[in-house]
Every structure is written in C-alpha cells, then in structure tokens.
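With the hints as constraints, model all of the structure from the sequences given.
2 protein chains.
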Amino acid sequence: MLLRMSTLLLKTLREEPADAEVPSHRLLVRAGFIRRAAPGGYTLLPLGKLVLDRVTAIVQEEMVAAGGQEVSFPALLPREPYDVTGRWTEYGDLLFTVKDRRGVDHLLAPTHEEMFTLLVQDMTGSYRDFPLLLFQIQTKFRDEARTRGGLLRGREFLMKDAYSYDLSEAGLIETYARMRATYQRIFTRLGLEHAIVSAVSGAMGGSASEEFLATAEVGEDTFVGCTVCDYAANTEAVTTPAPPARAVTAPALAVHDTPGTPSIASLVALANERALGGRTDWAASDTLKNVVVTVHHPGREPEVLAIGLPGDREVDLKRVEAVLSPATVTMFDDFDSRPDLVKGYIGPQNLKIRYLADPRVVPGTAWLTGANESGRHATDVVAGRDFTPDGTIEAAEVRPGDPCPACGDGALTMRRGIEIGHIFQLGRRYTDVFKVDVLGTDGKAVRPTMGCYGIGLSRAVAAIAEQHHDERGLVWPATVAPADVHIVAAGKDGQIEAALTLGAALSRAGIRVLVDDRPNVSAGVKFTDAELLGIPRSVVVGRRLDEGYAELRDRRTLERTEVPLADVAGVITRELG
Amino acid sequence: MLLRMSTLLLKTLREEPADAEVPSHRLLVRAGFIRRAAPGGYTLLPLGKLVLDRVTAIVQEEMVAAGGQEVSFPALLPREPYDVTGRWTEYGDLLFTVKDRRGVDHLLAPTHEEMFTLLVQDMTGSYRDFPLLLFQIQTKFRDEARTRGGLLRGREFLMKDAYSYDLSEAGLIETYARMRATYQRIFTRLGLEHAIVSAVSGAMGGSASEEFLATAEVGEDTFVGCTVCDYAANTEAVTTPAPPARAVTAPALAVHDTPGTPSIASLVALANERALGGRTDWAASDTLKNVVVTVHHPGREPEVLAIGLPGDREVDLKRVEAVLSPATVTMFDDFDSRPDLVKGYIGPQNLKIRYLADPRVVPGTAWLTGANESGRHATDVVAGRDFTPDGTIEAAEVRPGDPCPACGDGALTMRRGIEIGHIFQLGRRYTDVFKVDVLGTDGKAVRPTMGCYGIGLSRAVAAIAEQHHDERGLVWPATVAPADVHIVAAGKDGQIEAALTLGAALSRAGIRVLVDDRPNVSAGVKFTDAELLGIPRSVVVGRRLDEGYAELRDRRTLERTEVPLADVAGVITRELG
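Going down the list, the protein sequences come from chains A and B.
Just so we're aligned, residue 342 is where the first sequence starts under this note's numbering, counting upward by one.
Just so we're aligned, residue 342 is where the second sequence starts under this note's numbering, counting upward by one.
In short, the hints are calculated from the structure, not lab data.
Mixed in with the good hints, there may be bad ones.
Each pair may be met inside one copy or between any two copies, as identical chains are not told apart.
Claimed, not checked - The calculated DSSO-like cross-link candidates involving lysine-lysine, where the alpha carbons are at most 27 angstroms apart (straight line), are:
1) Lys352 / Lys785
2) Lys352 / Lys833
3) Lys776 / Lys352
4) Lys684 / Lys833
Bear in mind the structure is a predicted one, so any value in this text is a computation, not a measurement.
Right under this line is the structure:
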C-alpha cells in the first residue's frame, strides 16, 4: 500500500471541532479520520476506513481461530420473530422501525438472536451438528436518545455479533470461556487496556454476562474493583451485602412533628436539635429515604413505585433500570395527582403502591422516616414489624469504599470505561421460545443452550484513540495504524522524489506506506500533521538527503535517529517483525 | 484456510426449493450458500459469505488500482439533502423511510450523490484537490415491489458505489473511460461474460450512461445489438430512426362505420373486407394505435396521457417509464370516468389530453385510426394536418430485425442480461444544486463535474452462478470460488486422516481448502455434494490411498486423473499460478 498525501482526501484541522467533547472525537475529526454526516452519524474518511478495516480483520481472524463461522443476515427484518420473543416491544424507542410499501412492520435489527436461532433450527437435526459458533459483521442501527463522542455512541455503528449453540450447560460454559479468552486476545492485539467486569444482561435475557471495558476517563460505564480480591463489576451489577436480620429491640413507632424537613439534611439537623427518641447522634444513614419513581414497562401502563434506601445514599437510576429492564425509569413528579404520597414525608407504612427496599433494610432494622403526613416523621419504624417491603432492589448508588460483595474484606474502588465487548450466557431463552430441539446422543430430543458475544468495532476505533493519544495528536498502536510508516518529504522536488522512491521500495516489501508528497506545504506543517495523524513511525527525507541520510521518528517516544537511507527498509521491516 | 465439512454450517438439499424460479437461486439455496430469512432478504451462509468476500476484494482492489479512495458513509440519513435535490420524492415507493424517536424523517440511502457532494464541498478548496474518485462498499435497502431470484433482486443488497469529481468535461470523460475499463477488468476477473450497453439515466439524472449486463436467459434487462456495427443498448435506450417528413398527398380525412372493431386485428380485417378508402391491402402498420396510460409523477396528481404508435407495435411500459422517469406509468383503465376517451376507437384528432407519438409518426404520414366515436374509424388522418402530437416518445416495443439506429444498415438482435454495473456521467446536477465551487487554476471559481459508478456485489454472485453451472450444480470460476480445492475423503478413518493431513499441507502453502471429512456420509453423497458445491478442483482420497495415489477431478470438464499423493500440492499450486 502506498498512499500519497498529495491526492489523499484529507484535511487536517488546527482548531477543535465545536461539537466534540471527548479527546478521541476531537482528534479523529482534526486528523481527518472521520467527519460528521448526520446527527449521530459519521463518515469514515480514507484513513479512518483503513483503521476500521484493520480492527475488523483482527476480530475476524480471532473469531475464525476460535472456531467461528462467518455468515451475514439481512439487517432489515420483519417484525414477527421479534414479536414472538417480545423484543419488538422490549427494545422500545431504541429500535428503528420501518414500514414497507404494503404497510408491513419491519425493524433494523439491533441484534440477531431470533434469526440465528431460527437458522440453527432450520439447518441442524442432531448432536452431530453441534457445537456451533456463528458470527457476522454488520452495520447496526439504534435510535439513541443521546449520541456521544463521534464513534463512541452513534445511531449507526459496525458490530461483530456472535452466537453459540451447545447441547449442554458444560458446553456453553466451555464456549463462553473460549470466547472470553478470544476477546482478551482481540483487545490486547488492538492495544486496548481493558477490564472484564460482571454485568447485568439487560434486554438480552439470560443468566451470566460480562462486559469488556476499555479504561478511559470519558467512559460512560463506571465499574468497581476490590482492594483485596479480583472482584470487578459494572456498577449496575454490584450487589449490596445484606446484614443479617436482627431481633426487634426497638420501642414502638412514635410520630413526631418535624415541620420544614423535606430533605434528609434538614431532618437530621432537626432530629438532633430536638433529640428525637432521646438521641442526639442521628446521622443520615439512620434515616430511611423513600423515593418515588415511574416505571415505564414496554407496552404497559406506567407504574408508580416507591424505593426505600438509607438516607445517606442517592438513587442511581441506571442501577434501578438494570434491575427493572426492559422497563425504563424516571423520577416521579406528579405529586399533585397522588395526595397519598406526601412529598418529603413519605414513609413505608401503609403505602398504597409497590415498595422495594435496599438490601440493607433487613427485618429488625429501625428507621427514622416519613409519617406520610406533611411536616411529620416517625422514629423506630421497624422493618418486618411496622412495614414489609414487597421485595429488595439494588437502587442505591455505589460508592468508593463500600464493602466488596465478593470477599467481604476489601473496599470497592471505582473507575470509568468504554464498553467495547459484552458476552452473555443466554441459556435457553430463545431456543425455548422457538422450541428448537435436536436429536441427542441417547436418541432423545435435546434443546441447545445459547451464548452471545458482541464487539463494537467502530466504537473500538474510538476507544483506541481515547487510550492512544498525547497533546500532539493520535498515537496509533502498530496493529491498527492506517499505515506502518509515514514518509515526510521535508522539502521540494528532489526530496519528494526520493520520498516517493523510498515509499515505493517499502511498499514492494509489503510495508504500508503514507508519503507526504504535498509540493506546496511547509516542512513544519508536515511534521505537525504527521504527529496529529499518529502513524507509529515517520521517516523524514530532508536536509541530509544529499549525504544519504534520513531521520527516523518514533511517534510515541518522539525519539529521533539518523539512519542511512539504504537502511530504512531494513530497520522498519525488523520493527514490524 | 482449511474448512472441515464435519463442522461447517452446511446442509445441501436434493429437492428444488419451492420459491426459486431461476437456476442461480435454486443452486445457491440447494448448495447451502444462501438461505431465505425474510421476504426479499437472504442470509449468506459460510460458503456464500466467502464468495461474496472474494468478489468484494476484487472490486476493492481494482477500485484502488484505478485511484479510488475508500470511505464509508452512514446508510441512515436525514431527509434534508435528499429534499434539496428532489430525490426524497423522486425515488417514490422504492425508498425505505424511517422516523426517529423525535419524529424526524430519515431514509435508508439508495445511493449517496448528495452526501458525497456535500463532503467534497466541505473538504476541498482548490484545483489542487482534484480530480477525486471516492467509493464505498455498503449494504443498500430498496423497497422493491417484486423481489426476485434470491440475490438477483432483493430488498437488501451489497453495493459498491463510487463518485468522481473532475474540474472539466474532458476530465470527466477521462475518468469515465478509466472506470469503464476498470469495470471490464473487474467483470472479466469475476468470470462474467458481459455486454456494455447504452442506457438511460433514470432517477440519477445526468447525460451519458452505460450498463454492464451479464448475459443470462433469466436476466430482467433486454438489450439489443446490431448485425453490422458495434451498437449495443438497453431496450429502454434504443432510439427509433424517424423517417423524413413528407408532403401531404392524402385526400381529406374520411370517417367510416366500423362496428365491433376495438382491436387492431379486427379493424384491419374489416378495412380490407370493406375496402375502406378503396384499399384492400391494409396492414396493422398502416393503423395508428392510441394507448391511454396514467403517469404517476412523484408528489403530483396522476396525469392521463395518450400515446400514438403504429398498430403493429405494442407499448413497452418499461421504455415509457425510462422516458418519463422519475414518474411511474400504468395502463389507464377508468374509461367510465372519461366519456371523451372512447375505448377502442380513440383517434388523435381533438384529444383533450396530452398526446405523444412514436417517432415514426412524422408530419405527412396518413393513418387509419379511431374517430373518437364508438364503432367508427377514420382514414387519411394525416399527422401535421389533422392532428399535431404534443411531442414524440419512445414507447413502442423494440423487435429483433428493427433497423439499427446507429449505422442504419444493420438489423437489431436481442438478448437478455442481468444488470451488474452502471456508470453515469452525471455532470453538474448535484454540484449545481449544492453550489459547489472551488478555486480554479486561473483564480476563478470552477464547479466540479461528477460521475457515478455502481456495482451490485451480491447480485454479481448470483450472476456468476447463473453463468457458471451445469445440471450437476455450481461451477465457480477459480477467482471467486469459496475454496481452491475440495478434498473428499471417500472412506473412513485412514482416508479421513490422510485427507486432513493433505488439507493441512495445502493450507500451509496458502491454498484455500475445503475437506469433506464427514465420518457418516457415503462416498456417493460426498461426490454429489462436491459437484453441487462447484469448487473448481477436487481431490479424492480413496481406494488407491494405500498405493499412494489420489484422484484429481476438474469440476468444469469432469475430467479425472490419478496423481501420486505427493504431487497433489504441486499440481494445484501450478494451476493457481
């Protein structure tokens, strides 16, 4: 490959693009890798396409090495199979739907569990056809409420989705482990520092799932680690260790006038000031905060739900949604319509709506909480005696220092990451729905169990840029760089000619070359552009050309070394190893 | 590459699929290359995906060799740019439209002239940035009224679309010629026998265009050649040579009672029987047939239009639509609502609707035609005297033997083909609309002129299958076959092991190998499957394995030769040369 910048569709920008909030987005636009074409839609320019192609090739190669077989499904599908599994409704607004000329409903498939399962049903008959690992690489469409960060979260993106079918639980676990190892290898080859964290399965359904997060400040996902053990989880998946239930020792519930205390802080201050219940050491964690939310179940009437949690915690709606998925959740704000819900003074006693409590609200715990009358609170409101929640819910924010739910000894630390992969043990959700049965080794019918495995390919490009840049520009890992070497002709005529000759020689040796042969651009601009573009290795053909020397520059370390022109090919070939 | 049939997702079918009308569709389904997933939507199974990937790679390579730069645009685009050019409306029902969650109109772009032109406007500034040749490879969606033939015409297909921008007419012509040559090279490499024919531009707009048609009985396009010169054109693009206008010598128009003659045949019979106008040699070509159609202009009220043509010709609605594009045309059938249009007795005299005539209806020609009264016709109805058409139209069917419009000496011959490529000189339609101007060499603004160039990649797979099969199955050209060699282990155990060993050795040598290592399948079934799958070369590891021999089979010629096992790699490597 020999690309010439004199003809390349490339325009680098000195100024920051106005709509770019994250470094990868800014740099990919400034360096001419991508360009905005539509809301949440980006065009890959030639250099961006080359990077995406290299990322895709690595993923494809590793999937095949793991026994994957590549297929390609239509993206535009009729509604029917998605109605059968309920996902037509569950996906809600995220789904792009399309009516054809006859008015028939179609969707742009977000993922293809239904279709792969129907194909497997169609094309298999017995245990001899299993296990199966199938994948495709396809453009996906999602009607995101908020797109973000260029390729990070768009309405259209390239995805590798894979589906496995095994005949036993042990088989699924083995395939899942192989895919997990394959993903680690893929992300390592892509140069992505990543964490593997426990996750919740969301609209996919199924039992176990893990996310691969590329660590990045700008990541939308927060994940926790433990200071002692190797526990790692998406905050949505963090479970709160419940203390043991205790015997009731508290006196009877007592109601107090607490005017003007709709907030926890004002309540605690007043409780200590008035020594409610004879105590002056009230803390926010002694109070029970009751938050009302509206749960939007797909295809059903919204539900008003109350959530109780220790007063020192905020509700984390992402965690609530993870539990209630596929429903979405918003804060309830129509208190005028519900006189039974006294804003700021709600208690769990005699609530007329469903009430779910934090796992820490175990039987026997006594709380300072609302009395369901304006300006009044109650002390010694005891779980299991004065109220009984309809269930528990992981709704409270996770905080650094919280106890580790895995080992119990360590404390949680928190970091941010970009979700670049997600693997699921789906089990038989889909094979059950479509009644997929094949002949087992014992002559009886057996139902395959399923896994699914996704990688966001275009998002991976953004994640790589996020992890690999400095203040001068992009610094691509050699495995995905748009070229192996960037030859800069510092001056005109002779130097351009020498640069092109060198480029042709390297290209013949199988090296991917970009030559900056622009005749009317200064050396300074060319050097700045080379640093912005971030190809790992530059060769400057400049002042010392006449003496037979070129300068090698390392984009990452910024080191410069002079080498005889004749040695350049050898040095680079050795480096590419 | 080493594929093992024991684990490959493959199920060959002995019976014909019920819904398949054309050979390529039947064979691609039977051989397990594709499978129906939705109306007009096919899944590429592993072998089908491999063929499509090889086709794509050839196209990509030739496009880059021709100076093309690959980019990738979103497929889901906002309506606005397509409103500006009018194509939102012009495309009509073929366009899949999508509303996002905010109710904003989007489309699944059929082609990207608008977006490429806006990108070029955004990223260029002066003559130094030109010429430009950009392309992408993308899944396209079209809401076809009638899908057909598996991959031949689906609602979703893979397309390579390219766009060129030049600063002069001469530049466009040069680029167009380069793309034309590139396409010839591509289709030759794909093994596609093809014709290049003049075409009409349709909804693309622009001046000159040519289609590449893969010759095939089942093709939807009919094209003509000349027995003398090298003229070739799609029937839609055939022009009818107009005879010179003549002086009026005919007597005055005379009306006759002609009861029960609504058809041309009945009219001619009666005219001869009654010697109308003193003649008994009336032929259909002496009559003027007037056909009423409804023209559906996008975004406007339907228009009722009459078309006049010699009575020995039928109207070809595809030709009419090619002229009236982007309008669509149907036969008018609501004569009850129009008492002025007397079905079977319409004449061009005093018509109240627009009337377009065949080019043969030149001034001075006299016709036997309807008198606009039931049961009456008129003789000596003279063009230019008794009626004046509102214009001419190419509406008449083209027939073998018609005079060649290019040389005038030859006669037209007719064949059928599958449209696999289309190239257009668009000119400035799009750069005018978006007012794209760049700095010219003389310091003045210059407006780029545009070409566009498409290849249907998934359709090309079907066209190849259409041209390359026999009664036993597919016969892939070596350039696109899913594998280079198909090794058949005729028996069990030792032969399977030997086949896999040979396969591994060939694979290490860079040969793409499919091994039939199925343990429970008979040799006969394996041979039948090998012929159905159509990989160019088979190696049978069978009876003479113990003596160190294998059998080579040529799929096309069905020739068999025995060679020492040790020579197999050498023979195949030489063949792949």
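Structure-inconsistent hints, enumerated in ascending order: Hint check: 4 fails alone, others pass.
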